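Chain residues, written in single-letter form:
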Amino acid sequence: MLEVRGVAKNFAGFQALGGVSLTVSRRSISSIIGPNGAGKTTLFNVITGHLRPDAGQIIFKDRDVTGIAPHDLCRLGMGRSFQRTNIFPRLTVFQNVQAAFVSHRGRGFNLVAPVERLYREETEELLEAVGLSRQAGEVSGFLSHGGQKQLELGIALALEPEILLLDEPTAGMSAAETRDSIALIERLASDRHLTLLFTEHDMEVVFSIAQRITVLHQGRVIAEGTPEDVRRDGEVRRVYLGEKHR
Amino acid sequence: MPDPSFVFAQSLSGLTAAMFLFLIASGLSLIFGVLRVLNFAHGTFYMLGAYSAYQIVQWLGAGPGMFWVAVLGAALGIAVLGGIVERFLFRHLYGQEELYQLLFTYALVLVLSDAAKIIWGTQQKSVSRPPGLTGSVSLWGATIPYYNLFILLLGPAIALGFWFVLQRTRAGRFIRAAALDRETLGALGVNVNALYTGVFVLASFLGGLGGALVTPVRTIVPGMDTEIIVEAFVVVVIGGLGSFWGTFLGSLIYGQVLSFGILFFPRFSIFSVFALMAAVLIIRPWGLLGRPLK
Amino acid sequence: MLAAAFFVPALGSRFYTFLANDVAIWALFATSLNLLVGYTGLVSFGHAAYFGIGAYTTGILMKQLGVPFLLAFPAAGLLAGALALVFGFFCVRLTRIYFAMLTLAFAQIVWAICFKWNEVTGGEQGMPEIPYPNFEWIDGVAAWLPFVGGYRASEYFYFLSLVLVGLCMWSLHRIVRSPFGRMLETIRENAERAEFIGVNVRLWELAAFALAGVFAGLAGGLFGIFNRGVFPDFAYWTKSSEVLIMTLLGGMGIFYGPTIGALALIVLNHQITSYTEYWSLILGSILILLLFVFPGGIGGAVAALWRRLQTRVHHA
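Chains as they are written, first to last, in my numbering: chain W, 1 to 246; chain E, 1 to 294; chain R, 1 to 316.
Honestly, the hints are just simulated from the structure, not real lab data. Quantities reported herein were computed from a predicted structural model and do not represent experimental measurements. Any given hint might turn out to be false.
Rough simulated footprint, nothing fancy, chain R against chain E, three-plus residues with beta-carbon under 8 Å [what the hints assert, rightly or not]:
no.	segment
1	99-108
2	140-151
3	228-237
Computed far set for chain R versus chain E, every beta-carbon distance over 10 Å [as the list claims (entries may be wrong)]:
no.	residue
4	F15
5	V67
6	A105
7	P128
8	P131
9	R152
10	E192
11	V201
12	A207
13	S241
14	I260
15	A264
16	S280
17	L305
The beta-carbon is built from N, C-alpha and C at its ideal position, and this holds for glycine as well.
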């Protein structure tokens, strides 16, 4: 479904990504891990069109989408959540999700209809699915961190994506919040037949749900495979645990 | 083909205008670089510098050396004014949205320019050249007033001095650091508040100095502040927001474009500077010598 | 409130009619700017350019070419909008301070052209004596409709302004409450995220810029006639700052905020200039005061108060 081929990206002499390749198959749950600064967010930014790579291609659903503007990419079925929570702070929870529906269903250029009436049912359903029904009328900026992450998920799902890219979805969460969040994501993914690609620091999360893991270090892929393969990989152990390569 | 000595004279007059503009624009650029705000009131400081110099000359009479006392006094006075404004008013707006900070500087323009009208009225004022710099010299067929020559030498001298302070002194290093990353600077234990006040004071000094020095060359009228601030904006944009030599370069370019514009396309001279400003913003927004803002 | 405004001339004083007309036109101008500043989050320092273009368009068409108001008025909006589209195309490619500077540059270019193009714009002197629209047909109507006849031209123009401003404000209100308006708000709140819900941010910003220009142009068209003359300072940067202050003063997060700002500022101006010529001093001081006490502008403070009252009622 998604293929990254040989993507490289330099920032003023610093090589953030040096020839990264990976494949994500339909309806799978894949994860990208790596120490800080490994280039995970940069890779995400390249995939989602925020950055143009210096080399390489992004193939999505058999189509070269390298460098396509984000707003076009999400119409093709790619959804994304952000590491720093990215919601619309002064709009209410309801309005946040509703805006996503409005945009996605192509009504954005309508200059006359009162926006309040559009997509009310769909928004309510989605808020129910992500567990924010009770907070629908609250101003989203005042939500707890976990609540904002749920909202982000809701916004991303309103776009009816086929693949969901989640950038550190459990960052800043307590253990309980993390468990709930992951359970929610898993359920939503299976209900909506989503493909998931996420980056994470929390190894427990990764090893519990990922089917394939790609390990990045200093902008390069150092290991790829099933959780078991990666767990046993010597290079990975060295990078993460400092063990001497045996 | 116009007379070469005429071209030369025009060029020099453009350079002179550029030097005055540089004094104001450098203060503006400094405040923007460190405090990240466009100080609309800077033009008004310039105007107040001019009025203050006039006033001091009125008090002290036109004796020898009095002009220089007036200039220095005016510049220092404006520096103090700047310090007071920053310390007691502007400082409280630092956390707020930039738009409100801008609005504050504009409100200052309103208050201070009217204050000037109250104190000095609306009649034109002028100050005569200091004795010793009256008269002119003939250079390559053009008549250059001595005072203008003085300004042409003083401008680059101040630029170099300023540059020296920025590059070689401790205070200068702090200023440059603050322009790049003020949070880290604060975390390192530097008194950022005092630094900001200092920067404001320095910039106001330059603005007031510019105003005081321009008095023998231009009449002092209300409205000179709104006129000069837009010119300063053009300069700073062309040269690069926050870049020191960019401001110098921008002033030079502005001066030349304006003086030759008046010469060849008198109706379009004003138009051409703004067209230049727009062109720079379209093609290379961070200016000729600036760097993209973060 | 609009209905009440219609009765102002009945108060008899020419001054009140004049004042109300002034407020109405500036309210439209300020609300058009708010579309950019308050709803899209784009701060323009050069909005007066479109106001000036609108005024000059109507002025030139009516005075020099004898075009009837019915055509000259929309032309003002169209030309201003067209220019906003062109200028906006370059402006929206920039962010924040650069955007603001470019809007300023373009506005000053417009001003410089108006200032110097003597043949067309009258240059520095401007164009005095713009004619009122033709109101003679009203006398015919007055024969069989009561209350309609017997007013001065300035009063007829006032009614006309009210109607037109009312229509424009209603349109702006519709726009702001539409999906388009909501998309603008998402851009203001978080442009990065807006991109990722499918909003082509630049395109929307350009559209907002152009629309704001259209309505500013319409306001300008009215103002040229109201002011009985069109002058280059309509496009000067200080005019842009006046309208920006009105928008901020009244509260930019609220639709009627700029209207309140316009009302407050103009009424205050007229009151104070009758006592002293130092209006700038008073205005500046008030602004400084407001900045330190009410960051949300008058409208914002009122709205906050309203919300506090509402929560108190809920909890009671």
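Here's how the hints hold up against the structure:
| no. | hint | result |
| --- | --- | --- |
| 1 | 99-108 | holds (count 7) |
| 2 | 140-151 | violated (count 0) |
| 3 | 228-237 | holds (count 4) |
| 4 | F15 | holds (25 Å) |
| 5 | V67 | holds (27 Å) |
| 6 | A105 | violated (4 Å) |
| 7 | P128 | holds (22 Å) |
| 8 | P131 | holds (28 Å) |
| 9 | R152 | holds (35 Å) |
| 10 | E192 | holds (15 Å) |
| 11 | V201 | holds (17 Å) |
| 12 | A207 | holds (20 Å) |
| 13 | S241 | violated (6 Å) |
| 14 | I260 | holds (17 Å) |
| 15 | A264 | holds (15 Å) |
| 16 | S280 | violated (4 Å) |
| 17 | L305 | holds (20 Å) |
In this structure, the earlier hints numbered 2, 6, 13 and 16 are contradicted, and the remaining ones agree with it.
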